[in-house]
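There are 2 protein chains.
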Amino acid sequence: MSAIFKKIYHHPLLSDQDIETLAAAHEKVVFEKGAVLLRKGKVANEYYILEQGLIRAFVYDYNNSEITTEYFTDDELVIAPASLFQRTPSQETLQALTDCTLWKISFDAFQILYHKVAGFSEWGRLWFTQQLFALKQRSLDMITETATHRYLKLVKEKPQIIQHVPLKQIASYLGVTDTSLSRIRKELLKASGTAT
Amino acid sequence: MSAIFKKIYHHPLLSDQDIETLAAAHEKVVFEKGAVLLRKGKVANEYYILEQGLIRAFVYDYNNSEITTEYFTDDELVIAPASLFQRTPSQETLQALTDCTLWKISFDAFQILYHKVAGFSEWGRLWFTQQLFALKQRSLDMITETATHRYLKLVKEKPQIIQHVPLKQIASYLGVTDTSLSRIRKELLKASGTAT
DNA sequence: TATATTTCTTGCCAAATGACAAGTCGCGGG
DNA sequence: CCCGCGACTTGTCATTTGGCAAGAAATATA
Numbered sequence: 001m002s003a004i005f006k007k008i009y010h011h012p013l014l015s016d017q018d019i020e021t022l023a024a025a026h027e028k029v030v031f032e033k034g035a036v037l038l039r040k041g042k043v044a045n046e047y048y049i050l051e052q053g054l055i056r057a058f059v060y061d062y063n064n065s066e067i068t069t070e071y072f073t074d075d076e077l078v079i080a081p082a083s084l085f086q087r088t089p090s091q092e093t094l095q096a097l098t099d100c101t102l103w104k105i106s107f108d109a110f111q112i113l114y115h116k117v118a119g120f121s122e123w124g125r126l127w128f129t130q131q132l133f134a135l136k137q138r139s140l141d142m143i144t145e146t147a148t149h150r151y152l153k154l155v156k157e158k159p160q161i162i163q164h165v166p167l168k169q170i171a172s173y174l175g176v177t178d179t180s181l182s183r184i185r186k187e188l189l190k191a192s193g194t195a196t
Numbered sequence: 001m002s003a004i005f006k007k008i009y010h011h012p013l014l015s016d017q018d019i020e021t022l023a024a025a026h027e028k029v030v031f032e033k034g035a036v037l038l039r040k041g042k043v044a045n046e047y048y049i050l051e052q053g054l055i056r057a058f059v060y061d062y063n064n065s066e067i068t069t070e071y072f073t074d075d076e077l078v079i080a081p082a083s084l085f086q087r088t089p090s091q092e093t094l095q096a097l098t099d100c101t102l103w104k105i106s107f108d109a110f111q112i113l114y115h116k117v118a119g120f121s122e123w124g125r126l127w128f129t130q131q132l133f134a135l136k137q138r139s140l141d142m143i144t145e146t147a148t149h150r151y152l153k154l155v156k157e158k159p160q161i162i163q164h165v166p167l168k169q170i171a172s173y174l175g176v177t178d179t180s181l182s183r184i185r186k187e188l189l190k191a192s193g194t195a196t
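For the record, the sequence lines run as chains A and B.
Each residue of the first sequence is one higher than the one before, starting from 1 at the first, in the working numbering.
Each residue of the second sequence is one higher than the one before, starting from 1 at the first, in the working numbering.
Everything labelled a hint here was simulated from the structure, so no lab data went into it.
This structure is a prediction, so every number in the text was calculated from the model and none was measured.
Fair warning: there could be bad hints in the mix.
Copies of one chain are not kept apart here, so a pair can be met inside one copy or by any two copies together.
[Said to hold, decoys possible] Simulated crosslink set (DSBU-like; lysine-lysine; CA at most 35 angstroms straight-line): (1) K186 x K28; (2) K28 x K190; (3) K6 x K186; (4) K28 x K158; (5) K153 x K116; (6) K42 x K186; (7) K136 x K156; (8) K6 x K116; (9) K6 x K190; (10) K6 x K40; (11) K136 x K186; (12) K42 x K190; (13) K116 x K186; (14) K168 x K116; (15) K156 x K116; (16) K190 x K7; (17) K186 x K7; (18) K116 x K42; (19) K116 x K190; (20) K186 x K104; (21) K190 x K104; (22) K7 x K158; (23) K153 x K186; (24) K7 x K28.
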């Protein structure tokens, strides 16, 4: 039952007992496909652990088109850090792409535990640094890699997304239009066909 | 003399005495315009406080063109966090755009102080969260704002860059070519001319 | 001061990308 | 089983952006 919490809150300074304490502050919630967990303009008051399902974050660009900024898959934290921790309106919207099972924890509960459970703040520090590195890497990838390469990387790292998500959303995540991504796929097929 | 350290290490949990301790671990260094502080492929072993001058970070894109990813101005930390903290080869190169005066601290000295000076790790945690938010904001700006708007924002926030940096480098930071940026400027002039 | 070098602008053309629309495919609901 | 809808592909065309090069302007150098 608490397997997911052990996975998420795994840290040398967090005992099983600590993790139980943390787990007790979470509440199971379910969202249907298409449901919105956090809407643009609202201040986030909780974050989630995604037990099962697929979620995306997106923003609206200068043409008011939806641009996917992040995909969340099993055993990941679903969170809008800037909104939650700075208590500001979110620029991003969080939306379930499939039916989802999550564990929710309120910001208030988080704050209390953050000071009460010694290892928790250490865990949080680690999480923040990992987030920073991951975001930096994605930013650099958007510059240093071609859309084709980014597509292949996504296929490799989160294949379930290719299965469940409309092409248009994937394309926006990669920084191209659906038309372009369709053509990229075509080229890849041709290339792999030649190789075989 | 230690004014810059007070500014950088300002934090409720860091006393003047603490800051003196931190300051003592820094060594003054000077770089000439054009000098490289950290080269792509090398592992960073220090970070710097920029007392005076202008520095940029850049990467090479899929065409081997230089793309500026960040500008550092007075009273900022000059650092490649991913390389320094993950002990991995840097993707970014750090280069002085003007003659610079900096205060250098080695990673080893940093680590020792991080554990010795209680408030320092708190300061570090705050710094990481701020970095994360700033990077996220820049990532979103690259999506939600037009190049024109990003240019105006840069002019507003770091006007000294416009003065000292070749157009081509600014353009790459904004995600366009120098030709495009020149046209953007032209449009802005026309627009402001009409308004007056 | 004269000369060389770099930076910036601008026109022209090519290439890439996007918008739009038509057509195909596959799946689920009636 | 058939219809309808959403998803994907593909063609055409328009727009944007970039590459290139020439020239002007600014800056540095001798």
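Status of the hints after comparison with the structure:
no. : hint        : in the structure
1   : K186 x K28  : neither (42 angstroms within a copy, 56 angstroms between copies)
2   : K28 x K190  : neither (46 angstroms within a copy, 57 angstroms between copies)
3   : K6 x K186   : neither (42 angstroms within a copy, 57 angstroms between copies)
4   : K28 x K158  : within (24 angstroms within a copy, 46 angstroms between copies)
5   : K153 x K116 : neither (40 angstroms within a copy, 41 angstroms between copies)
6   : K42 x K186  : neither (40 angstroms within a copy, 38 angstroms between copies)
7   : K136 x K156 : both (19 angstroms within a copy, 24 angstroms between copies)
8   : K6 x K116   : both (18 angstroms within a copy, 30 angstroms between copies)
9   : K6 x K190   : neither (44 angstroms within a copy, 60 angstroms between copies)
10  : K6 x K40    : within (31 angstroms within a copy, 38 angstroms between copies)
11  : K136 x K186 : both (30 angstroms within a copy, 33 angstroms between copies)
12  : K42 x K190  : neither (45 angstroms within a copy, 38 angstroms between copies)
13  : K116 x K186 : neither (55 angstroms within a copy, 58 angstroms between copies)
14  : K168 x K116 : neither (44 angstroms within a copy, 51 angstroms between copies)
15  : K156 x K116 : neither (40 angstroms within a copy, 43 angstroms between copies)
16  : K190 x K7   : neither (41 angstroms within a copy, 58 angstroms between copies)
17  : K186 x K7   : neither (39 angstroms within a copy, 55 angstroms between copies)
18  : K116 x K42  : within (28 angstroms within a copy, 40 angstroms between copies)
19  : K116 x K190 : neither (58 angstroms within a copy, 59 angstroms between copies)
20  : K186 x K104 : neither (41 angstroms within a copy, 51 angstroms between copies)
21  : K190 x K104 : neither (45 angstroms within a copy, 52 angstroms between copies)
22  : K7 x K158   : within (18 angstroms within a copy, 43 angstroms between copies)
23  : K153 x K186 : within (17 angstroms within a copy, 39 angstroms between copies)
24  : K7 x K28    : within (16 angstroms within a copy, 45 angstroms between copies)
In this structure, the hints that do not hold are numbers 1, 2, 3, 5, 6, 9, 12, 13, 14, 15, 16, 17, 19, 20 and 21, in rising order.
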